[in-house]
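Take a look at the letters that make up each chain.
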Amino acid sequence: AQSVAQPEDQVNVAEGNPLTVKCTYSVSGNPYLFWYVQYPNRGLQFLLKYITGDNLVKGSYGFEAEFNKSQTSFHLKKPSALVSDSALYFCAVRDKDGTGGFKTIFGAGTRLFVKA
Amino acid sequence: DTEVTQTPKHLVMGMTNKKSLKCEQHMGHRAMYWYKQKAKKPPELMFVYSYEKLSINESVPSRFSPECPNSSLLNLHLHALQPEDSALYLCASSQVSEGQRNTIYFGEGSWLTVV
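From first to last, the protein sequence lines stand for chains A and B. Just so you know, we're using the numbering used here here: the first sequence kicks off at -17 and counts up by one. Just so you know, we're using the numbering used here here: the second sequence kicks off at 9 and counts up by one.
Since the hints were made in silico from the structure, they are not lab data. Hints may contain errors.
As the list claims (entries may be wrong) - Some but not every residue of chain B turned toward chain A, in silico, with C-beta under 10 Å:
hint, residue
1, H34
2, G36
3, A39
4, E60
5, F72
6, S73
7, G107
8, R109
The beta carbon of each residue, even a glycine, is placed where N, CA and C say it ideally should be.
Chain A extracted, bound-state conformation (with noise of 0.2 Å):
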């Protein structure tokens, strides 16, 4: 089964610093790799994914992620972090269900914290 690994609990940054949140991951096959944001009461938004090609993936609200085979990882990075970014960010990754389907599976989820 596929799965993805957040090791960090919290990320702390300065505002204008920037920022990386790791993500590392496990598959057979071919992955494929996504970001999500959460911010503070609302639904998920999709930043980015990875499905072939470039190993650099840009995304939403300046988010970019680097795909790395070799170290199995899949970073979420930002090269300037706004106290905006402020967040709960989730890698994913998508898995068969076992009825010729697929789902989404999340890791535990990094919350952001980028002060002032």
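With the hints as your guide, set chain B onto chain A.
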């Protein structure tokens, strides 16, 4: 802004009540999902509908009853819930055609409190 609309945003219900959560999407997606999310935890899959047919039930108690009246609507009927069922209930939808490549899109959720 999300194109998956959920109502109501907040619901407080007693343990003997019957209520329903509603979800609507107009993106032409043929897969729809219910997730349950506790505070600061990842969403947990409850049900998946594909082409209006239930394809996954993740061993959810029968006090939760999903319904997919058509390709745009998804309901979750609630009856005889327990206080531990209090959570954020998220609806989501996706295409079916690209399989694992499909992105699922979430609504803003319905906050359920069982008293």
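Going down the list of hints, with the structure as the test:
1. H34: Hint on H34 of chain B: violated, closest Cβ of chain A at ~16 Å, above 10 Å.
2. G36: 17 Å, violated
3. A39: 7 Å, holds
4. E60: 13 Å, violated
5. F72: Not OK, violated: F72 of chain B not within 10 Å of chain A, min 17 Å.
6. S73: 20 Å, violated
7. G107: 6 Å, holds
8. R109: R109 of chain B check passes; min Cβ-Cβ to chain A is 5 Å, inside 10 Å.
Hint compliance for this structure: hints 1, 2, 4, 5, 6 are broken, all remaining hints hold.
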